[in-house]
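If you read the protein sequences in the order shown, they are chains A and B. Under our numbering, think of the first position of the first sequence as 1, with each following residue one higher. Under our numbering, think of the first position of the second sequence as 1, with each following residue one higher.
Quick caveat, the hints were computed from the structure, so don't treat them as lab data. Note that CB positions come from ideal geometry on N, CA and C, so glycine has one too.
Stretches of chain A that chain B covers, calculated by requiring three or more beta carbons in the stretch to come under 8 Å of a beta carbon on chain B:
hint, region
1, 17-26
2, 59-71
3, 98-108
Using C-beta positions, here's what the derived DEER-type ranges look like:
hint, chain 1, residue 1, chain 2, residue 2, range
4, A, E148, B, W299, 40 to 48 Å
5, A, S182, B, S337, 55 to 63 Å
6, A, S4, B, I194, 26 to 34 Å
7, A, E64, B, L178, 18 to 26 Å
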Amino acid sequence: MSPSLRVLIVDDARLARSELRTLLAAIPWVECVGEADDVPAARDAILREQPDLVLLDVQMPSGEGFDVLDGLETVPMVVFVTAYDQYAVRAFDTNALDYLVKPVEADRLRAALERGRARLPVPAAPVAPHATRDLLGADDQVFLRDGERCWFVALGEIRKIVVDGNHARLWFRDQNAVLARSLSTLEARLSPAMFFRANRNTLVNLRRVRAIEPSLGDGYDLTLDDGSQVEVSRRQARELRERLAL
Amino acid sequence: MEMMSTTQAARSSGFWWRNSAVWLVYLGVSLVLGFSYGGHWSGIVLISLMVSLCLWVGSAFIRRWALGHDWLQRDLLGLTWRLLLAVVIVAAATQVLTAAVLLPALAWDWVQLPGQRANYRPAAVFGYWFNTAIVLSVWCALWTGRRALQRARHSEMAQLRAEAQRATLEHQALRARLNPHFVFNALNNLRALINEDPARARDMVTHLSSTLRHALVHTDGDWVTVAEEWRVVQDYLAVEAIHYEDRLRVRTDSDPAALSARLPPMALQLLVENAIKHGIAVHPGGGELTIRVQLDGGWLRVEVDNPAPHDASSAGHGIGLTYLRAQLGLDESRSASGRGTFLLERQGERMMARLQVRQ
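Working from the sequences, and respecting the hints, build out all of it.
Pasting the structure below:
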């Protein structure tokens, strides 16, 4: 049986939320986990309910829909909902799952949600809930913002994470952007099977390493899939050997 | 100004290059013809050189004179006789200057001609002059033709640009009157309301229709009475009340004497719309809107005030207010005109829009 999709509704107009609830009620594999009417309420609801997908109004009293996502550790899938398409282009730029215009058409909504359901991770054999909750996996998304531009990035797409002042700069696709989080905080949340601390300043995604060469002084030079080089310090070299021996 | 002079300079230097090329070609042709009919004489070289040089300078002089005295703005007859006169004078000057150089050069044997003498009988002189005049006339015709063609192309482009601008303005005016954000939100709310409260939903359709009809009908810009505008604003507020529910609280205060006063169509509604967009929508708990309409002397005073937005920088620059300002003959830099005044100012925690219209 296909898993059900847990959906959160975020819109400042009560009738708009009620309309979405009505539409969602007609889709049996969707579970509506709650509603929020503004940015802070939406952030709370996302943290509390951990929805798979958010139907997110673009404009709200305390800010934009984007403000809901800004600074969340991981973001759920997002479908933007807007009365008029002035924000649509920007929403697409962020690789939001989809965007819908009001009044929302039932078929368009169903199609957007189906796309979301297709992206749900297949439930593996039952594992201890804590083991999976605490560490983020390759499919978990982060929301990055750099001025007017923003992106949804799956952790698996990140090539390396480099210290940038007190924050961390993430390199993904052909872009990079700063996340307001320290490198060690990030490291603690990332799966060690995927991300490796190559040196004091850099975490690399081991799946994106193309070549490993010994360097002077017992370290290694890693070549990533974009051709960039990362140095592995002597201290970490041993750790890397152990990791790769697995 | 800077732009103008730069393009002017570019055009002038373009002209000098083209004109020099034209007269160099002319020099080459007259040398070839002179050699093949008169034989290889250095006098022929001097004559060709002098004539080409004089025509090169003379034609540039005609151009400068014609542009300086706006000959091209004149009708065909006025332009033609002026150009002909210029041709006659420049051709004569060319021949005089050529003779003035050629005759001493021959006398002192600097250059050679058959028999070492030039033919300056009257018929021959007329022939030389006529030849030069024909060449110069052809030059004038080509130059004027090229100019006329450019002007035609420019005016066509200016006309297209003006049309495009007008279309954009009309489009913006329609967008201002028929705010799509408002319309689609209203329709979306209506869908929910049909399930929740069918009777109210039916009322809502009526309110929305009146609002849309008013926005679409008053496209010609004829001024309307306050009474008429007031009814539309009531419809408009009824639709917005469905969207904002208890977040939108409205207080109205209207002077019955003002009901027959006139104002630009949509003026009151655009103020209310603006107040809701920047004063209600951005506050989680909403806020109170006050609308005051009074007649005072020969002036209609309309005041709409709302809670000030946290970020006041964006307020008042929307297409709605631009449209309203245009209706009163105002713009961003001018807040008063013969027809009225418009002011948007922050008063403590509130934003006040004040419109005054002369009756």
